[in-house]
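J.: Okay, here's what each chain looks like letter by letter:
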Amino acid sequence: MKVHISATGIHMEADTSTPETAVPSSVPQPKDDFQEELVIRPLHSGDIYASFQFRTLWETDFMRGNKVSHYRLFPKSLGQVISKFSVRELHISFTQGYWRTMQWGQPFLPSPPGAELWVWFQDSVTDVDGTWKELTNVLSGIFCASLNFIDSTNTVQPSASFKPLGIGNVTDHSFLRYATLPREIVCTENLTPWKKLLPCGSKAGLAVLLKSEKLFHSSFHSQAVHIRPVCQDWQCKTTSWELRQTLNVVFDLHTPGQGKREWSLFKMFSRTLTEACPLASSSKIYIDITDNPQGEQFEVSPATPLLSQAMVLGDRRTFSVYDLTQQITFGTVRSLNLLIRWKSRDMLRPLLHGERYVAGYGLQTGEIHTLMYNNHPYRSFPVLLLDSVPWYLRLYIHTLTVASKGKDNKPSYIHYQPSKDRVRPHLLEMLVQLPPNSVTEVTVQFERALLKWTEYTPDPNHGFYVGSSVISSLVPSIVAMDTNSTREQPLFSSFFPCKEESSYFVRVYTEPLLVNLPTPDFSMPYNVICLTCTVVAVGYGSLYNLLTRSFQIDEPSPGLAKRIANIIRKMRGVPPL
Amino acid sequence: MGLLSDPNRRRALISLLTRLNAPICVVCYMAGVAWFMGLAFEPFTLRTYMSENAMGSTMVEERFPAGERALATGREFSAHKKKVGGMPVDWLVKTMQARGLEVFTQRFSRTLPFPDENKERYLVKGTNVYGILRAPRAPRTEALVLSAPCTPGDNNNQAVGLLLGLAQYFRNQVYWAKDIIFLVNEHDLIGMQAWLEGYHHTNTTGMDWSPLQGRGGSIQAALSLELSSDVITSLDLVLEGLNGQLPNLDLANLFYAFCQKIGVLCTIQGKLQRNDWDSVSGYSHSVQTMMLMVMKQASGRPWGDHGLFLRYHIEAATIKGINSFRQYKSDTTTIGRLLEGMYRKLNNLLERLHQSYFFYLMPSLSHFVSIGYYMPAFGLLAVILLTLIKSAPSQMSSPGVLSVLTPLVISHLTGVEVAVEHFPVSETEAVVLTAIAIYTAGLALPHNTHRLLSGEGTEQGWKVLKLVAVLYLAVLLGCTALINFSLGFILALTLVPVAAFVTPHVPKILSAFILVILSPACTLLFSVFFFQELQEMPVSFIDGWMLFLSVISQGILDHSLYGSLVYPLIALLVYPCWLLFWNILFWK
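Note that the protein sequences, when read in sequence, are chains A and B. If you read the first sequence in UniProt numbering, its first letter stands for residue 1, the second for the next number, and so on. If you read the second sequence in UniProt numbering, its first letter stands for residue 1, the second for the next number, and so on.
Treat the hints as calculated values from the structure; they're not laboratory data. All values reported here derive from a predicted model rather than from experimental measurement. Idealized CB from N, CA, C, for every residue including glycine. Heads up, a few of these hints could be off.
[Said to hold, decoys possible] Here are a few chain B residues that sit away from chain A, every Cβ distance over 10 Å (derived from the structure):
id, residue
1, Pro136
2, Val174
3, Gln460
[Said to hold, decoys possible] What the simulated footprint calls covered on chain B by chain A, stretch by stretch (three residues with Cβ under 8 Å from a Cβ of chain A suffice, anywhere in the stretch; the number is not a length):
id, segment
4, 7–13
5, 196–203
6, 209–221
7, 310–317
8, 343–353
9, 358–366
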């Protein structure tokens with residue numbers, strides 16, 4: 001197989017202000033830089049996974065007062081948020097659907113169903129909770145989502161699961177806030193503001209493909225915004241801000257009874273590409289052809305001579321690369337419509353995946369089961385499990401058990417913060433070692449609380465959501481890491497920092513839970529009020545009266561003369577009248 | 001209540017009640033029975049209506065086209081079933097996978113306490129196969145279930161075929177908001193019990209099952225399909241579940257609405273609906289339908305695979321295809337369209353079905369009797385017990401705890417003896433005959449024991465004992481009727497007269513005879529004959545007796561396999577209570 005290393009690298013390492021840098025750069029680098037990228041990966045289940053990444057880098061410092069006023073590529077609304085609320089890192093995702101790890105493998109960027117927000121604040125922030133509250137309300141407006149429902153009852157401070165992804169070694173988790181809204185429904189009104197943050201909007205470049213009628217006609221849709229400070233150069237003397245906007249979508253290609261299936265950009269997005277975003281320094285499409293070295297599983301047209309290799313999630317993948325900045329990519333018809341034809345498919349088990357469900361029946365108690373699968377044949381690895389459970393499920397923490405292969409598996413680290421009614425949720429974090437080729441089951445019992453009647457949501461019989469638990473882990477790599485491949489890594493492979501070379505970082509989210517609480521019958525308050533009032537007033541009152549008092553016939557009191565006579569008779573020792 | 005706080009008037013009232021005790025009891029009893037019979041009279045009942053807005057106003061269009069292909073799949077399934085000699089697990093897994101479902105299997109095994117002669121099974125081993133259709137962009141929090149049992153012989157192949165056909169059709173639709181689980185369960189109820197226990201990770205009955213690999217969140221509703229012919233004349237709806245639990249009435253309404261819309265004949269208890277409610281035959285028809293429901297509910301058995309879902313607060317019903325010799329026939333495509341419509345409406349649900357009634361009786365599919373209407377019938381019978389308590393002498397000297405406690409304890413010990421499941425025998429008939437033997441032996445036991453302990457019984461003694469027994473019966477029946485009205489009402493019909501007339505001073509032989517006739521076992525025997533009569537399948541006495549024996553063994557099995565509470569209730573509480581009255585009759 002011919003592998004051609006693409007000549008255009010990623011401009012991240014270039015820096016004009018330091019002349020010592022060995023990078024030969026003929027053109028002066030702009031102070032901000034925009035790159036766009038689309039990865040298409042045919043999945044083993046036969047579905048197709050399209051992942052968009054848009055990255056804006058800006059050498060600026062938001063923290064120097066309000067000096068930043070001129071914005072070019074970086075969206076002003078987010079820049080103001082960063083400086084006003086002293087945000088060090090911000091990660092927000094909106095997801096509709098559940099990533100099916102067993103069918104689809106690991107996503108490039110995992111996210112739980114609903115909305116997820118986690119923010120690291122600068123250590124200069126004094127009132128973190130107040131800032132957090134304001135920030136969620138502002139973001140709610142920017143993204144047109146119900147993030148204003150984030151309050152102290154669903155916010156936690158994870159102690160270990162969420163480390164900063166950018167530079168900086170602040171590990172005091174009092175500056176971290178994490179919240180999920182599992183019931184949040186993501187639709188067009190969230191996509192539009194997200195697209196407006198892009199420098200080209202949806203007018204040019206890859207973003208023209210983002211049409212909501214197709215994106216929301218899919219099996220999975222997730223959009224996210226990640227802001228973090230990154231190094232400007234290898235010495236890491238100065239920092240720049242990185243804004244990554246990602247959008248992941250899985251299209252369902254199931255057409256039963258047909259051997260031949262094909263899919264194209266036009267079929268997926270009802271658009272073809274005609275140009276790159278003029279503001280972008282790089283604009284590329286990658287197609288994952290790792291499982292298809294000889295073209296036996298599917299074929300791609302038009303073919304491209306450009307190939308690229310990268311380490312993605314512990315696996316060496318090969319990609320066909322289409323550079324949209326080159327006119328030749330669009331061919332004679334001046335439009336690019338990638339076409340994939342499938343021939344066969346097979347399955348691959350992901351190394352780590354998780355599952356969660358509620359066990360038991362009845363409306364009094366229940367049990368949360370979290371299953372963590374390690375499918376590695378011979379290596380065990382540790383995972384960090386984070387569970388944030390709302391207060392109205394009262395966890396019986398003494399019933400917590402962790403078992404693998406039928407044996408007790410003692411977690412090496414447990415961080416538990418009990419809930420306070422109506423104030424804060426339960427937070428449970430633990431570090432568990434998963435033995436090879438095993439299922440580890442974490443169970444904890446809970447009691448369902450009886451809410452006050454104003455605390456029920458508008459559709460109380462639908463149930464109450466418990467957000468996904470988060471499993472974070474360094475999973476052993478499938479292939480040995482190639483240390484030389486750092487330079488031509490595509491963006492989607494370079495997100496999570498990898499300390500151990502033989503393993504890679506993975507975050508897996510389990511399903512959210514839908515739990516029914518004991519719910520009064522709200523449809524007949526009038527009947528209930530009438531009945532209770534009647535029972536209390538008539539039934540209980542008089543029955544209580546009858547039961548607690550004894551009734552006797554009282555003789556009318558005798559006259560004064562008779563009483564005096566009786567006293568005299570008593571003194572005489574004669575029976576009274 | 002002012003009436004009662006005045007001692008003079010109270011005394012007058014009590015003396016009136018005591019004097020008119022017998023006529024009041026008789027009038028109440030007659031009124032209770034009359035009220036109950038009146039429930040089936042159409043002008044007294046309510047028409048069913050859809051309470052759930054999410055299912056009522058929205059329109060769905062049914063387009064399922066592939067009835068013939070579903071039947072072909074059913075035939076293929078039948079061929080594979082014959083070849084394997086049981087559940088064709090591999091074929092099902094492959095077929096479901098080809099239809100784009102996530103497929104999982106579950107193995108289970110169960111040893112019955114004694115061989116089940118009706119279904120000829122003792123050591124049960126099987127596999128459930130289920131495929132999950134994942135709804136696009138849904139977070140796996142809600143699911144619907146469609147199940148079809150894989151039964152031995154030639155039964156139910158069409159149901160499995162239709163299930164697979166629907167799975168294929170549903171897979172290509174975009175509107176699903178809830179995951180749909182297609183389940184083929186082996187060994188009917190035992191398989192279903194294993195699957196439900198696995199899904200909810202509970203173990204109430206000591207069954208062995210392998211844990212489930214895939215789930216779809218909390219199940220909102222379920223339908224079980226039974227279909228054994230290519231064309232059907234009508235569809236029958238079965239509602240009665242474990243312990244007399246019923247699904248929400250909206251599920252029945254939904255079925256009825258779609259039968260009307262698509263034009264399929266629908267029945268309940270196998271009885272068509274009639275329009276001539278004002279004629280005698282029309283009235284007796286609806287009485288028959290309602291009585292069948294009462295009998296089935298009172299039995300506490302699950303009358304279809306759906307019955308076990310109800311414990312988990314999942315609204316479920318069984319739909320049975322019936323092929324009789326009527327002219328009007330519907331093909332599989334029509335049934336498929338009906339199910340498609342029902343699932344689309346269930347898919348639209350935002351909340352669990354909760355708007356409509358959970359306690360109801362149905363004299364026909366279009367009419368129902370709600371709890372507010374049928375409870376007075378029971379209330380009138382319960383009033384008799386209250387007057388009995390009221391008219392008990394108010395100034396009684398304590399006759400010694402021992403003389404009252406002894407019969408209580410002894411009769412309960414007898415009950416425990418009947419209820420213990422670890423019989424030393426393993427044959428069905430032996431188990432049943434042992435139970436009956438202990439039951440009969442109990443009649444001889446208690447009525448003389450108190451004399452051994454506390455000497456001669458006094459007049460006060462039996463009165464206190466009767467007061468205790470009547471109170472006991474009132475509480476027992478009240479609680480039973482709240483949970484399972486039918487059972488409570490049938491028990492009240494027989495036990496309340498016993499409580500009313502028993503004293504040591506009535507003619508012994510005649511009263512003993514009446515008491516035995518009204519005992520729980522005889523009630524069951526009569527119910528068996530009555531049930532057969534209602535189903536228009538009268539049996540001879542010998543057959544009836546055999547049926548009676550098998551009903552007892554089924555009751556014991558239902559208890560140990562699925563956790564039905566009727567057998568322990570009768571053995572541990574109702575029978576000892578009746579023994580107390582037996583004891584009073586023979587008080588010396």
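J.: Using Cβ atoms and 10 Å as the threshold, tell me whether proline 136 of chain B really stays out of contact range of chain A.
T.: violated, 5 Å
J.: Establish whether the coverage given for the segment 196–203 of chain B by chain A is satisfied; the threshold is a Cβ-Cβ distance below 8 Å, and no fewer than three residues must meet it.
T.: Satisfied; 3 residues make the cut.
J.: Can we trust that glutamine 460 of chain B is non-interface, i.e. its beta-carbon lies farther than 10 Å from all of chain A?
T.: Given a closest Cβ separation of 23 Å, the condition holds.
J.: Verify this for me: three or more residues of the segment 343–353 of chain B with a beta carbon less than 8 Å from a beta carbon of chain A.
T.: Held - the segment 343–353 of chain B has 3 residues with a Cβ nearer than 8 Å to chain A, which meets the minimum of three.
J.: Between the segment 209–221 of chain B and chain A, see if three or more residues pass the 8 Å beta-carbon test, and mark the coverage as holds or violated.
T.: Held - the segment 209–221 of chain B has 3 residues with a Cβ nearer than 8 Å to chain A, which meets the minimum of three.
J.: Just to make sure I understand the rule, a stretch counts as covered if three or more of its residues have a C-beta closer than 8 Å to a C-beta of the chain. Does the segment 310–317 of chain B meet that for chain A?
T.: holds (count 3)
J.: Are three or more residues of the segment 358–366 of chain B within 8 Å, CB to CB, of chain A?
T.: violated (count 0)
J.: According to the definition I'm using, a residue is off the interface if its beta carbon is farther than 10 Å from all beta carbons of the partner; does valine 174 of chain B meet that for chain A?
T.: Label violated. Min Cβ-Cβ 7 Å, cutoff 10 Å.
J.: Mind taking a look at whether chain A covers the segment 7–13 of chain B? Criterion is 3 or more residues with CB to CB distance under 8 Å.
T.: holds (count 3)
Hints 1, 2 and 9 from the earlier list are contradicted by this structure; the remaining hints agree with it.
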